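> Line by line, the protein sequences are chains X and A. As numbered in the numbering used here, the first sequence has no gaps in its residue numbers, which increase by one up to the final residue, 135. As numbered in the numbering used here, the second sequence has no gaps in its residue numbers, which increase by one up to the final residue, 135.
Hints listed in this document are in silico derivations from the structure and should not be mistaken for laboratory results. Careful, some of the hints might be misleading.
Which copy is meant is left open, so a pair is good if it fits within one copy or across any two.
Unchecked claim - Distance condition first, Cα-Cα at most 25 Å in a straight line; then the derived SDA-like pairs of lysine to any residue:
#, residue 1, residue 2
1, Lys31, Glu132
2, Lys46, Arg111
3, Lys71, Met60
4, Lys76, Met58
5, Lys135, Ile114
6, Lys46, Thr122
7, Lys31, His110
8, Lys135, Ala43
9, Lys56, Ser125
10, Lys98, Thr47
11, Lys56, Lys76
12, Lys98, Asn120
13, Lys31, Ile128
14, Lys46, Gln104
15, Lys76, Pro109
16, Lys56, Lys71
17, Lys31, Ala113
18, Lys56, Ile127
19, Lys46, Gln85
20, Lys31, Leu69
21, Lys31, Ser55
22, Lys46, Gly66
23, Lys46, Asp112
24, Lys135, Leu33
25, Lys71, Phe118
26, Lys46, Ser101
27, Lys71, Glu132
28, Lys46, Ala105
29, Lys135, Tyr52
These numbers were taken from a predicted model, which means no experiment stands behind them.
There are 2 protein chains.
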Amino acid sequence: MNLKLILSFFILATYFTTFSQEKPNVPGVEKGLIKVSIMYPFAEGKTFNMDYYESKHMPMVAGYLGENLIKYTIEKGVSSGIPSQPLPFMAIGIFYVKSLSDYQAAVGPHRDAIRADFPNYTNISPIILVSEVLK
Amino acid sequence: MNLKLILSFFILATYFTTFSQEKPNVPGVEKGLIKVSIMYPFAEGKTFNMDYYESKHMPMVAGYLGENLIKYTIEKGVSSGIPSQPLPFMAIGIFYVKSLSDYQAAVGPHRDAIRADFPNYTNISPIILVSEVLK
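Chain X extracted, bound-state conformation:
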């Protein structure tokens, strides 16, 4: 009888383990998050050091964000999807955060340090998009 109880516990444990872990696996795991996209437009004469960006700059900024940061991604612009149009962006760094105000409060005190690091990897002035992930 005691073993049956234990057995029931493990059946339930298996069920809840499976169930509770399903949510993060469904496509659209980013839904509801805030995206802060730092986008570096391409133009003639513009340069971008991806190694420095990936190994130094982004980890530095990510380090300011604490538990508000769900993840960050880095992408390298390859081409325009429309023939005869120039590459829109050389690179984009994206922070996925839970709260925009927490992001702003965390980054604010370090704004000068972040800007001072720009010349170490680029001569591009980025544009920044704050967006909400709907799907």
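Assemble chain A onto chain X, guided by the hints.
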């Protein structure tokens, strides 16, 4: 003894259920994929019907892509991250695919149908960025 065997099975089942589901949860699951971002720039007088885009247009295009499509996301532009600068984009739709050439081959035959659907939700000419997810 029989019950002990069953019990062992459930302990193992719990372990493997937990273990096998961990992988998709690690940050950076998009690494190595190709992103095709369709970006709708904001400007005065421009309109965008997000309901139609989310319920009709994006599912239509996603339907052309087959197994090459890992996932797609939709985001709504909220603000510029730089005070005094205008919102860069009203909306962005993103297809994460394994192969760019497969994407182009799949979308090519439907290009006219895709463009003909634009007026149903927007008067914006999108720009398209093809990029590679590095992290």
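> Evaluate each hint against the coordinates.
The hints, checked one at a time:
1. Lys31 x Glu132: Result: close both inside a copy and across copies, 8 Å intra and 21 Å inter.
2. Lys46 x Arg111: Only inside one copy: Lys46 and Arg111 sit 23 Å apart there, 32 Å across copies, limit 25 Å.
3. Lys71 x Met60: within (14 Å within a copy, 29 Å between copies)
4. Lys76 x Met58: Both. Shortest intra-copy (14 Å) and inter-copy (24 Å) distances satisfy the 25 Å Cα cut-off.
5. Lys135 x Ile114: Between copies only: 20 Å across chains, 30 Å inside a chain, cut-off 25 Å.
6. Lys46 x Thr122: Result: close within a single copy only, 7 Å intra versus 32 Å inter.
7. Lys31 x His110: neither (28 Å within a copy, 28 Å between copies)
8. Lys135 x Ala43: Between copies, since 24 Å is at most 25 Å while 31 Å is not.
9. Lys56 x Ser125: Within one copy only: 18 Å inside, 36 Å across.
10. Lys98 x Thr47: neither (32 Å within a copy, 28 Å between copies)
11. Lys56 x Lys76: within (16 Å within a copy, 29 Å between copies)
12. Lys98 x Asn120: For Lys98 and Asn120, neither the intra-copy (29 Å) nor the inter-copy (32 Å) Cα distance is at most 25 Å.
13. Lys31 x Ile128: both (20 Å within a copy, 22 Å between copies)
14. Lys46 x Gln104: Close neither inside one copy (28 Å) nor across copies (28 Å); limit 25 Å.
15. Lys76 x Pro109: neither (28 Å within a copy, 28 Å between copies)
16. Lys56 x Lys71: within (16 Å within a copy, 29 Å between copies)
17. Lys31 x Ala113: neither (31 Å within a copy, 28 Å between copies)
18. Lys56 x Ile127: within (20 Å within a copy, 30 Å between copies)
19. Lys46 x Gln85: both (17 Å within a copy, 21 Å between copies)
20. Lys31 x Leu69: Cα proximity of Lys31 and Leu69: in one copy and across copies (14 Å, 18 Å).
21. Lys31 x Ser55: Close across copies (15 Å), not inside one copy (27 Å); limit 25 Å.
22. Lys46 x Gly66: Close neither inside one copy (32 Å) nor across copies (37 Å); limit 25 Å.
23. Lys46 x Asp112: within (22 Å within a copy, 35 Å between copies)
24. Lys135 x Leu33: Close inside one copy (10 Å) and across copies (18 Å); limit 25 Å.
25. Lys71 x Phe118: The answer is within: 21 Å in one copy meets 25 Å, while 32 Å across copies does not.
26. Lys46 x Ser101: neither (32 Å within a copy, 28 Å between copies)
27. Lys71 x Glu132: both (15 Å within a copy, 17 Å between copies)
28. Lys46 x Ala105: This pair counts as neither: shortest intra-copy Cα distance 31 Å, inter-copy 32 Å.
29. Lys135 x Tyr52: Close across copies (13 Å), not inside one copy (32 Å); limit 25 Å.
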